[in-house]
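Here is what each chain is made of, one letter per residue.
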Amino acid sequence: MTVHNLYLFDRNGVCLHYSEWHRKKQAGIPKEEYKLMYGMLFSIRSFVSKMSPLDMKDGFLAFQTSRYKLHYYETPTGIKVVMNTDLGVGPIRDVLHHIYSALYVELVVKNPLCPLGQTVQSELFRSRLDSYVRSLPFFSARAG
Amino acid sequence: MAIFSVYVVNKAGGLIYQLDSYAPRAEAEKTFSYPLDLLLKLHDERVLVAFGQRDGIRVGHAVLAINGMDVNGRYTADGKEVLEYLGNPANYPVSIRFGRPRLTSNEKLMLASMFHSLFAIGSQLSPEQGSSGIEMLETDTFKLHCYQTLTGIKFVVLADPRQAGIDSLLRKIYEIYSDFALKNPFYSLEMPIRACRGKATVGWCSGTWTLFTQPSWTLGPSWCGCFVGGRRQPCWPHKSLQPPRRLCSNCSAWQWC
Chain A
115 MTVHNLYLFD
125 RNGVCLHYSE
135 WHRKKQAGIP
145 KEEYKLMYGM
155 LFSIRSFVSK
165 MSPLDMKDGF
175 LAFQTSRYKL
185 HYYETPTGIK
195 VVMNTDLGVG
205 PIRDVLHHIY
215 SALYVELVVK
225 NPLCPLGQTV
235 QSELFRSRLD
245 SYVRSLPFFS
255 ARAG
Chain B
2 MAIFSVYVVN
12 KAGGLIYQLD
22 SYAPRAEAEK
32 TFSYPLDLLL
42 KLHDERVLVA
52 FGQRDGIRVG
62 HAVLAINGMD
72 VNGRYTADGK
82 EVLEYLGNPA
92 NYPVSIRFGR
102 PRLTSNEKLM
112 LASMFHSLFA
122 IGSQLSPEQG
132 SSGIEMLETD
142 TFKLHCYQTL
152 TGIKFVVLAD
162 PRQAGIDSLL
172 RKIYEIYSDF
182 ALKNPFYSLE
192 MPIRACRGKA
202 TVGWCSGTWT
212 LFTQPSWTLG
222 PSWCGCFVGG
232 RRQPCWPHKS
242 LQPPRRLCSN
252 CSAWQWC
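Heads up: the sequence lines are chains A and B, in that order. So the number in my numbering is just where the residue sits in the first sequence, counting from 1, plus 114. So the number in my numbering is just where the residue sits in the second sequence, counting from 1, plus 1.
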């Protein structure tokens, strides 16, 4: 059980933050990958709202393939937290919510020196996020 | 209903089969007086709620019926425009039924193709080598399971999130597809699958494979009454098909098969 990588997007599709822990396959070009990821999530959200037989409350939660599972959390302000993990990981909506509320809001939004709407430069945010993810019960230091 | 719908998508992304089996979606019928406290807008030939939420009516719900009569897209049953009708104070009080709009066939086609692309992108964005496409997509109201065969056909099932055993259901649907669609000599690959009712089937009659038309619902051999070589020959339906009562083209008589 492990965490592969984490993306943070804002409502306009700007990738605010990306960090990776175990990643075996690199994407082509990083900037294109962020746009592709955002576009895919936008399309999945619209797809799910049309397909759903009942009114949805939380919307799209996660998807999985044969090798990884992508977990998704979106706030009402349009901030999207996306985490790719191993298949053995269950629902981690509260983890993603903690990343938003206790890390992003506290360290970036409330920081007057951090401009919103662009990639987060704050080293404090990066290091706190890294230590939080490493402390998660489903994170194992060795890959695979 | 535990299984909401089944979609079969060909390798080009086109929808070739679709089945919906969920119970009617939640609908709310209320009586309103002028002015309407919901904001309605026209979208895609339907009148939807753009703003305003009360008593089970949500944003995105469509106007399904006015005063008990079903609306026809943006027009009422009498042919008047819905928005115009509801804008006229003389028509009030009016009883309007709202509910989640059902998908039209066109929308289902588009959604199937959209899923086909999302499936491929899911495998491209993988942080691990050798990932397949999206096999399971989870939301709070349904779970979508997808099985892609080696030939590129995708079987997609939408089910209740707590429903188990969908993997074996997908394999079973694949089995049924290969038995009833692929083994049907009149089925063209990658084309939409038509229901077998009322279609031509192939059977063995009087020592030759012939076309049976107008099938109904029984199973077994039938006696044509054809005399070939001085003996009555039985009509056998092809074993991969469900044979009904049919019109044998050899002897033009109704057979109970």
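Treat the hints as calculated values from the structure; they're not laboratory data. Since we're looking at a predicted model, the values are computed, not measured. Wrong hints could be hidden among the right ones.
Said to hold, decoys possible - Listed next, the in silico DSS-like pairs over lysine-lysine satisfying Cα-Cα at most 25 Å (straight line): (1) B:173 <-> B:184; (2) B:12 <-> A:171; (3) B:109 <-> A:164; (4) A:145 <-> A:164; (5) A:164 <-> B:42; (6) A:164 <-> A:149; (7) A:171 <-> B:109; (8) B:12 <-> A:164; (9) A:149 <-> A:139; (10) B:173 <-> B:12; (11) B:31 <-> A:171.
As the list claims (entries may be wrong) - Just some of the chain A residues that point at chain B, by a computed CB distance under 7 Å: (12) 145; (13) 149; (14) 154; (15) 159; (16) 161; (17) 167; (18) 168; (19) 172; (20) 182; (21) 229; (22) 232; (23) 233; (24) 235.
Glycine is no exception: its CB is placed at the ideal position from the N, C-alpha and C atoms.
Hints versus structure:
| no. | hint | result |
| --- | --- | --- |
| 1 | B:173 <-> B:184 | holds (16 Å) |
| 2 | B:12 <-> A:171 | violated (33 Å) |
| 3 | B:109 <-> A:164 | holds (9 Å) |
| 4 | A:145 <-> A:164 | violated (29 Å) |
| 5 | A:164 <-> B:42 | holds (17 Å) |
| 6 | A:164 <-> A:149 | holds (23 Å) |
| 7 | A:171 <-> B:109 | holds (22 Å) |
| 8 | B:12 <-> A:164 | holds (23 Å) |
| 9 | A:149 <-> A:139 | holds (18 Å) |
| 10 | B:173 <-> B:12 | holds (19 Å) |
| 11 | B:31 <-> A:171 | holds (23 Å) |
| 12 | 145 | violated (14 Å) |
| 13 | 149 | violated (11 Å) |
| 14 | 154 | holds (5 Å) |
| 15 | 159 | violated (10 Å) |
| 16 | 161 | holds (5 Å) |
| 17 | 167 | holds (5 Å) |
| 18 | 168 | holds (5 Å) |
| 19 | 172 | holds (4 Å) |
| 20 | 182 | holds (5 Å) |
| 21 | 229 | violated (28 Å) |
| 22 | 232 | violated (23 Å) |
| 23 | 233 | violated (19 Å) |
| 24 | 235 | violated (24 Å) |
Going through the hint list in order, the structure does not satisfy hints 2, 4, 12, 13, 15, 21, 22, 23 and 24.
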